[in-house]
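Start from the sequences, fold in the hints, and give me the full structure.
Protein sequences, first through last, are from chains G and F.
Count the first sequence with our numbering and you get residues 1 to 372, in order.
Count the second sequence with our numbering and you get residues 1 to 394, in order.
In short, the hints are calculated from the structure, not lab data.
Careful: at least some of the hints might be erroneous.
[To be verified] Cut-off 20 Å, straight-line C-alpha distance, at most; resulting in silico cross-link-like pairs (DMTMM-like, lysine to aspartate or glutamate): (1) K175/F / D41/F; (2) K372/G / D248/G; (3) K135/G / D298/F; (4) K273/G / E49/F; (5) K125/G / D298/F.
[Claimed, not checked] Listed next, the stretches of chain F that the computed footprint assigns to chain G, with coverage defined by at least 3 CB atoms under 8 Å from CB atoms of chain G: (6) 267-274; (7) 280-293; (8) 378-384.
Ideal Cβ placement from N, Cα and C applies to all residues, glycine included.
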Amino acid sequence: LITLLAAVAIAPTVVVEKLANGATLVAIQIADATTVSAQTFVRAGSAYENEADSGVSHLLEHLLFADGVADQAAENAGLLLNATTYREFIRLHTVGPAEAWKPAIQCVAQLLRKPALTHAEKEWKVIAQEDALAKLDPDESVHRALWVAGLKGSAWSNLPMGDPGKPVPKGIEAAYDRFIVGANVVAVVAGAQPTQESLAELRVLYGNLPSAKASAQPALPSLGRVTETHSARYGIGVPVAGYNKPSDYLAAEIAFEAVTSPARLFSQGLEAKSFLTPSSSGSLAVLSFAAADGAPGMVTRISQAIAAPITDAEFAGSEARVRQRYASSQPVSRALVAGLSVLFTGSNIDFDREVERVSKAQVSSVAESLAK
Amino acid sequence: VIATLFALAAVGPQLTRLPNGIPVVVETNASATVTVQVLVDIDDLTPTEAGAAEFMAAALFGETENYSLRELQRLAWSIGGSVASESAGDCLRLQVTTTRDRLRPTAAFISDALRRPSFSPEALADARRSESNRHNWIDRTPPLRDIRTQLAQQGHGPANVFSLNQEQAKALHAKVVRPERVAIGVVGAVSADDVATIFGASLGHWRAEETPRSVPAIQTQARGASGIYTALATLVGPTPNSPYFAAWMTACIALGEGKLGRLHQTFRLSSSIYVLGSYFTFREKRTYCTFYVASTVDPRQDELNKTVGRFEPTEAETQRAKAYLAGRYQVGGPTEIGRFGAFSIGHETEAARAFWLAWWELRGAGFNKDASFLNEIQALSHDSIANVIREWYR
Numbered sequence: 001l002i003t004l005l006a007a008v009a010i011a012p013t014v015v016v017e018k019l020a021n022g023a024t025l026v027a028i029q030i031a032d033a034t035t036v037s038a039q040t041f042v043r044a045g046s047a048y049e050n051e052a053d054s055g056v057s058h059l060l061e062h063l064l065f066a067d068g069v070a071d072q073a074a075e076n077a078g079l080l081l082n083a084t085t086y087r088e089f090i091r092l093h094t095v096g097p098a099e100a101w102k103p104a105i106q107c108v109a110q111l112l113r114k115p116a117l118t119h120a121e122k123e124w125k126v127i128a129q130e131d132a133l134a135k136l137d138p139d140e141s142v143h144r145a146l147w148v149a150g151l152k153g154s155a156w157s158n159l160p161m162g163d164p165g166k167p168v169p170k171g172i173e174a175a176y177d178r179f180i181v182g183a184n185v186v187a188v189v190a191g192a193q194p195t196q197e198s199l200a201e202l203r204v205l206y207g208n209l210p211s212a213k214a215s216a217q218p219a220l221p222s223l224g225r226v227t228e229t230h231s232a233r234y235g236i237g238v239p240v241a242g243y244n245k246p247s248d249y250l251a252a253e254i255a256f257e258a259v260t261s262p263a264r265l266f267s268q269g270l271e272a273k274s275f276l277t278p279s280s281s282g283s284l285a286v287l288s289f290a291a292a293d294g295a296p297g298m299v300t301r302i303s304q305a306i307a308a309p310i311t312d313a314e315f316a317g318s319e320a321r322v323r324q325r326y327a328s329s330q331p332v333s334r335a336l337v338a339g340l341s342v343l344f345t346g347s348n349i350d351f352d353r354e355v356e357r358v359s360k361a362q363v364s365s366v367a368e369s370l371a372k
Numbered sequence: 001v002i003a004t005l006f007a008l009a010a011v012g013p014q015l016t017r018l019p020n021g022i023p024v025v026v027e028t029n030a031s032a033t034v035t036v037q038v039l040v041d042i043d044d045l046t047p048t049e050a051g052a053a054e055f056m057a058a059a060l061f062g063e064t065e066n067y068s069l070r071e072l073q074r075l076a077w078s079i080g081g082s083v084a085s086e087s088a089g090d091c092l093r094l095q096v097t098t099t100r101d102r103l104r105p106t107a108a109f110i111s112d113a114l115r116r117p118s119f120s121p122e123a124l125a126d127a128r129r130s131e132s133n134r135h136n137w138i139d140r141t142p143p144l145r146d147i148r149t150q151l152a153q154q155g156h157g158p159a160n161v162f163s164l165n166q167e168q169a170k171a172l173h174a175k176v177v178r179p180e181r182v183a184i185g186v187v188g189a190v191s192a193d194d195v196a197t198i199f200g201a202s203l204g205h206w207r208a209e210e211t212p213r214s215v216p217a218i219q220t221q222a223r224g225a226s227g228i229y230t231a232l233a234t235l236v237g238p239t240p241n242s243p244y245f246a247a248w249m250t251a252c253i254a255l256g257e258g259k260l261g262r263l264h265q266t267f268r269l270s271s272s273i274y275v276l277g278s279y280f281t282f283r284e285k286r287t288y289c290t291f292y293v294a295s296t297v298d299p300r301q302d303e304l305n306k307t308v309g310r311f312e313p314t315e316a317e318t319q320r321a322k323a324y325l326a327g328r329y330q331v332g333g334p335t336e337i338g339r340f341g342a343f344s345i346g347h348e349t350e351a352a353r354a355f356w357l358a359w360w361e362l363r364g365a366g367f368n369k370d371a372s373f374l375n376e377i378q379a380l381s382h383d384s385i386a387n388v389i390r391e392w393y394r
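Shown next, in the form of structure tokens:
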């Protein structure tokens, strides 16, 4: 009863609204939230790039901050403002105290106002440092290598970071004009603020974005199963469903929880890190394994850790963990999941309900595919 | 039950003490879970002992006299929430999230882990694996490796300890894991009275040995430089229970954190340097703030020394720092590098709130400081921050 009442008490309300210019607004009200998160997703990223302009989305993301105006507004309100570029989107996001919801919405929207895109050379040097430091992480290297191997020959194999060893990507102005249009934008706010007030604020800020067709995304090629090794890290990449098939996507998430449970890893002396980045129509899920004792017999040990059939107890425990993840009342998680749902599928997916539909057979099927 | 929980939630956190003096701070709410944070003070240990305590933390949830390692794992799984035992910088942190009806076995589990770890070969081997993974993570987070090395050399932070034998672990445990070093925070659907009864039964009569045995010599391992250029400058400050603490923290934030911070303005904008910031270390008698600037291209030590040594914030900078610190206190972040210390945790989750209630109590400021700290930051004047800089930065 307590669980039920608590769940009802914190169940957030989600309202999705589409503007005339194509921009989509999402207002999530979470009673008792002590923080606010504003996140804006822009259809851009390395899957939209070709060899000539590889890295331009990431560079654009950096340059949106170049005039410092948005950072100033954010930090003076106690907000942390940041951004990340992926294959299918740029995510601009802020988080801070709940009462700062208006500055939160405003500072993220401020980033989309065209700044002077004049510091490309300097920011490309910053990206080179970002890249050099990322390469020090063996898990990240395995992840990168798997994506490149699994998607060879397609724009999807471009790295979101870009290649800072190459010259500054051309066409930054054109990229801004192409990506920053209403139809490419999903703006989300999650916190304790009243829904109608936050929607009114969002309408004003996003209603002026240019109307144009959404960027055409290259189709995701068929993904292969791949393996890579790097610095004693063993990586497995397995194709899984995207948000277009939420139940299958969740089955993969649950399967990953189960096969990397502490009991399984401990029995083989392994450490594992999983990368399950949501995607629109399909994704390459990555598991990276390492062993503290080096890597004797790694393939056998990994096989033994993941090959055992998933038990009822493992299924129940893993399903509970994934359920908790989606039932989180934290604005950051709520805004992220809702934003990606709308970006990828056009509507807000009710993951709380979708988790209940996932069967053990679905989860076992993903785990078996991993074991192969 | 619901009405009672809502009524207790309105009262705010309550402090009770177990018969042996362990403070237990309970914040009652009507959520579905209960989170327990047990903190063990390690802010007075030598670098070698502190490094060994990190290792020991990884072994505390290993085998005990009453549970085998497998049983502990199954119990942890059945609890359904997260179970963690790790160093949080100035303290060891044991965290268990559970449900109200499982609080009693959880308390027994925690009590066993705290009081009766067996440090069996299997448990120590597991801790070795876990610590090796953690050190690998530190190694690939470049400034952190260099920061730890320098702090250990200065005597303010843990040295790297990759192995303990049973004798060493037991001796260190007897010295460190003692009731007088423990504070407990609990947040969730449970009353302070119930917590006092349950934990009183499992931990209330715990008495540590009169005189801890001496700890046999422990081997530390120096790590090489991270392979990038890391400039470091460490400043000394007051402890968290000092009236000057909030002002000193704000001054450090004005210099070291955020894109409007002086470090970012100096190094990112002029030199395209990407990784920079500040790292706090809380010790028994002093707090230390280590500013870092990491470059893959060239060293920046002189420039960092000048920037830190000559720092005089403007009024706009101190105002920004106050807002920034208040925001981080509520939300946490901003960087992974701060993971090992308080002030990177925020207050969003029950686990985080339980941590803070116990932390302020442990640091001698009283759990009520958690509620008043934000007001204290807001009330700071520019002059009070400037005075603290004059007092502590020169």
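We went through each hint and held it up to the structure:
no., hint, verdict
1, K175/F / D41/F, "holds (11 Å)"
2, K372/G / D248/G, "holds (18 Å)"
3, K135/G / D298/F, "holds (18 Å)"
4, K273/G / E49/F, "violated (30 Å)"
5, K125/G / D298/F, "holds (13 Å)"
6, 267-274, "holds (count 4)"
7, 280-293, "violated (count 0)"
8, 378-384, "violated (count 0)"
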